[in-house]
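**Student:** The residues making up each chain are set out below.
Number of protein chains: 2
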Amino acid sequence: MERVCIVGAGVIGSLFAGHLAHVCDVSVLTRRKEHADALNREGLRVSGKSERHARVSASADPEGLSPFDVAIVATKASGLEPAAAALEGRFSEATVMTVLNGIGAEEVVRAHGDWSIVSGVTFMSGTRHSDTHVEYILDTETWLGPYEDTPFETVRDIADTIAASGLKAEALPDLRPAQWSKLIFNAAVNPVAALTGLPHDPHFAQEVDPTNLGHLVHGLVDEGKAVATAAGIDLHDDPWEMNVLATQRGSAHYPSMLEDVDAHRQTEIELITGSIVREAVRRDVSVPLHAMLYGLVKGKEASW
Amino acid sequence: MERVCIVGAGVIGSLFAGHLAHVCDVSVLTRRKEHADALNREGLRVSGKSERHARVSASADPEGLSPFDVAIVATKASGLEPAAAALEGRFSEATVMTVLNGIGAEEVVRAHGDWSIVSGVTFMSGTRHSDTHVEYILDTETWLGPYEDTPFETVRDIADTIAASGLKAEALPDLRPAQWSKLIFNAAVNPVAALTGLPHDPHFAQEVDPTNLGHLVHGLVDEGKAVATAAGIDLHDDPWEMNVLATQRGSAHYPSMLEDVDAHRQTEIELITGSIVREAVRRDVSVPLHAMLYGLVKGKEASW
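For the protein sequence lines, the chains are A and B, in the order given.
Read the first sequence against my numbering and you will find it ends at 754, with the numbers running on by one and no gaps.
Read the second sequence against my numbering and you will find it ends at 754, with the numbers running on by one and no gaps.
Hint data in this document are derived by calculation from the structure and do not stem from the laboratory.
Mixed in with the good hints, there may be bad ones.
What the hints assert, rightly or not - Below, in silico cross-link-like pairs of lysine to any residue (SDA-like), each with a Cα-Cα straight-line distance of 20 Å or less:
#1 A:Lys675 x B:Pro738
#2 B:Lys483 x B:Ser500
#3 B:Lys483 x B:Arg495
#4 A:Lys618 x A:Phe573
#5 A:Lys675 x A:Asp659
#6 B:Lys675 x A:Pro738
What the hints assert, rightly or not - Far from chain B by the CB rule (all over 12 Å, computed), these chain A residues:
#7 Ala488
#8 Gly554
#9 Asp684
Said to hold, decoys possible - In silico contact screen, one side only, chain B against chain A (beta carbon under 10 Å); selected entries:
#10 Asn662
#11 His665
#12 Gly669
#13 Arg733
The beta carbon of each residue, even a glycine, is placed where N, CA and C say it ideally should be.
Sequences are here, hints too, so could you generate the full structure?
**Tutor:** Shown next, in the form of structure tokens:
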């Protein structure tokens, strides 16, 4: 793993690029040409939990990409399909790792090529200050696992390189328990934040009065767990405990789905809540609360 | 019914005051002193479906109220308790009629006095242009019924006077079937509008794709009907049909709960969804969708 291509230079992509550039050659595929130009001109700065200033070779045109051994796809849900299409036909020996919210990103990538695929889920967070400056806020782990018949050795190599770059990473023989824990957590928290306007604060864990939001979040978690059980997944972490712990940290996280709503952008509801609803239909599990949030967030998107 | 006091001069109160002033003496109890001053100075103008210019005697101080035979309480939910408290100890021979959204306003009034009480539900709508000008938009009916042992004769007298003033009114021996129809309709539409930002438009009746909002609204209506059935109420109109019909009118209604959310004002969620949730608990009926909307709108209020 000497050449890494980061596909999508939002917060997560930039954190990978800024760190990995100190142990590998890093290229970045951006959506906007100005973004690529700025990165080529100024490099990429990471502040916060790490201080880095990385040289990267960026392009908005997939024709301009240098060969790579590993691509890390870190787009938003809405950017996944075009990103996978941009990689189609290129560097078939490479491994493609996905680190999107929700589940199902691997299938979208697979539809565009025969690469080895590694599933990823990250708990890092940060704030984007500009095209060339990202602040590293939560220095939590990224977990990786094999997708289909990708050898575990490949997964471990990537995890080792990520760890060598200064980020936290762990290779797991089966990522689905962790992916599902995070999926259920995100599906219980993000749409509720998006609809109420609340950041992920202690309201989400409060269950004192009957109207407290914690009941709803708990109900969503219980529905999600029922779907995971029906799908044969033994969760890695309990999503309700993840929720309680996260609301006890000092500053409330501002979920990206709430940012999307504030900016009247398409949200990640399809990959998050949509994944749970579709799996529930497949497994014949009743998820009225998720179905409701799905409809409400879709309705909100329709109001713009 | 020669002297009527309108308590709360929002859209509905102003429509009653502007029309009734042509057949009765009308006094108005406002929340703000400037509002009372403006009404005393300029009178009250109604445009739209009716054209009226009424002289009214207004006061923001209940001590300044002239005696009345009938008080029509047309405040928002948040203004009900102070309005009932302002009437306490006054004109015990009078009849008090409530025309708030939701159910339960009569109990709040009863806690402040022994007046005969008449229950009302109105389908009128309008737009408030200023403290002294309201536009009459939907000239639909107001329905009245006895509360506790109020004689039906009293109800009919008030309905006749309202009709004589140029508004549409009907006295019903039992208002609860109509109140519950409107309650279920409002509980299915208003919070969904408040959370999505959509006015009451055709999205609310659409049930083509699984993500369409109509499924959610339909699910809410079904929960509401189950509560009504458990409470022994035989609905006057089917709330789903009310929803479909309303979305087929030319211009989409902008529900007051969405206006409240836009203005970061406390909403009527307690009297509307709260009434259904409380009745469901009492009757041991499961209403997960209503409980969820209740929590979400409460969360939204908490985010301000």
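**Student:** What hints, given by number in increasing order, does this structure fail?
**Tutor:** When the structure is compared with the hints, numbers 2, 5, 13 turn out to be violated.
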